[in-house]
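Protein chains: 2
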Amino acid sequence: MLGQKIARALLARGGLAQDPGAPAKLAELVLFDQVLAANRVEHPRAKYVAGDILDRELLARACAPQVDAVFHLASVVSAGAEADFDLGMRVNVDGMRGLLELCRTQATPPRVVFTSSVAAFGGELPDVVLDTTAPTPQSSYGTQKVIGELLINDYTRKGYIDGRAARLPTIVVRPGKPNRAASGFMSNILREPLKGEPAVCPVPAETRMWIASPERAVGTLIHAMELPAAAWGWHRTINAPGITVSVAEALSALERVAGRETVERVRFEPDPATARIVLSWPARFATDRADRLGFERDAGIDEIIRAHMRAASE
Amino acid sequence: MLGQKIARALLARGGLAQDPGAPAKLAELVLFDQVLAANRVEHPRAKYVAGDILDRELLARACAPQVDAVFHLASVVSAGAEADFDLGMRVNVDGMRGLLELCRTQATPPRVVFTSSVAAFGGELPDVVLDTTAPTPQSSYGTQKVIGELLINDYTRKGYIDGRAARLPTIVVRPGKPNRAASGFMSNILREPLKGEPAVCPVPAETRMWIASPERAVGTLIHAMELPAAAWGWHRTINAPGITVSVAEALSALERVAGRETVERVRFEPDPATARIVLSWPARFATDRADRLGFERDAGIDEIIRAHMRAASE
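In the order they appear, the protein sequences are chains A and B. For the first sequence, the working numbering assigns the number 22 to the initial residue and increments by one for each residue that follows. For the second sequence, the working numbering assigns the number 22 to the initial residue and increments by one for each residue that follows.
Chain A on its own, in the form it takes in the complex:
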């Protein structure tokens, strides 16, 4: 989902710059995924490769003759990695290691942006998560994401890549069908009612989440890529900006934006398994470092819902 959005953004803006604001360049854009996306962007400079991230030969061919910038988004999602531990380790850890090893063979160390997650945090947390708060993931997905961050930092320190890892907030409103991410409900209870469909909320109304719109997440990842190495310095992981929104606040905004009958399509049906994962994630952050580096946050949940409605009607 984010991959297609990044591709569209890069094609629209003419590629990537070495510094934010510098001229953007794009020679070729390779999109690697398990299966080709249904509504994929077609462009003379966009090349698609479908396959397994663990297939090192295919990956190497996809990146030949050289790759300058890699957005690494491939991941077994939270509920998926919890249901199938081995698959999560294979894709989220071994798959990433294969990709990093490939990057290491490049003549010039490529910039690599890794999408980490708030799932890096869990357990007993301070009320507000700081840049210095220790990651203590309470899901296999979160564990694998933190391992990825550590690899990004160490490969960078060794000079094998020029890596950057951004812990993205939960993306709301995700377009398309529900996926296996435990965080999906917040998108479902906004997107489905807007389509005239019923939706189930598996967590209590007071449940708060740390969220960002898909557009903001794309902006975060592109900014992470374009920031010069010197701006990042020795530590290559940031908590990306987001906003804190409760289920109740999201439904109030939905009513303001789309009316009472839309909100009434949502019903509450507690699901302890989902609630346990979601409630282990922190909902409030102080993202001082990201703010200083020029990362931005959404204006509010009303604006996020309106932007989703505009995108859905296009």
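If you are wondering where the hints come from, they were derived from the structure by calculation, not from laboratory data. Bear in mind that the values here come from a model prediction, so they are computed numbers and not experimental data. The beta carbon of each residue, even a glycine, is placed where N, CA and C say it ideally should be.
Covered stretches of chain A (in silico footprint by chain B; criterion: 3 or more residues with CB under 8 Å from a CB of chain B, positions within the stretch not fixed):
| no. | segment |
| --- | --- |
| 1 | 151-162 |
| 2 | 168-176 |
Okay, derived cross-link-like pairs now, SDA-like style, lysine to any residue, Cα gap no bigger than 20 Å in a straight line:
| no. | chain 1 | residue 1 | chain 2 | residue 2 |
| --- | --- | --- | --- | --- |
| 3 | B | K179 | A | V98 |
| 4 | A | K179 | B | D105 |
| 5 | A | K179 | B | L300 |
| 6 | B | K179 | A | G101 |
| 7 | A | K26 | A | A67 |
| 8 | B | K179 | A | A104 |
For this one, chain A is given, so just place chain B on it according to the hints.
What follows is chain B alone, placed relative to chain A:
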């Protein structure tokens, strides 16, 4: 080194208890290492297996028919993992994963104690490292140790093992020959002069380290094993207690304990590569959680040197 000391301690105390202070039991003690230790303890209940930790079949045979408690000490050391990145990843990450997978196949999840390290920390750190300080390793060794901690926590959360990870201070005085650990100099400048040999100190006299004696480290690891799961709770990593000692303080203690001519065998010869690794490690900790859990620290550097002299003369 620690493996042999743990073996001797376990054989002397009759094994391990389910709770500190409860009766100890020992059916069989299997010592797995690359090569058999030279001065190894021989005992009817001690069985030795020499081989590669990546040899999963050999490891499985060594642990058959079942294993209840595993001390995981095997590791490519700091300077070694820095010099050969691939070897460090293979042994410290893949080797550990193989061991954890083997533990996962046991009928009852075994207790697993993992020796992590202060090398988990690095970069810009607070003056005193707290239990909540985020690990930001600045060496491949430290990175691999933190990955190990994350796996210990997640395998435990999943119910595959009952894991515990202790970040040990630098062990001083290490017996035997110098190894490739960047931290080895602090032991060298005490042990070698006591043997009448010259020693080189590669870092400035004001360099401080967070240290523990070998006996204390063994005590820490056995306590980590014997604490019940409930005492550990949801978070299975601790900063183990140590003491902060500068090179100057260590040499003063050496003079107090062994005289001026002993200290004069040490000469300073700066080695920037070693200094860079050592200076990236924190030298002061507040180990509140470990203290509450009953972990203990050494009385002081004089006592550590005297204990080493007693052990060396045995």
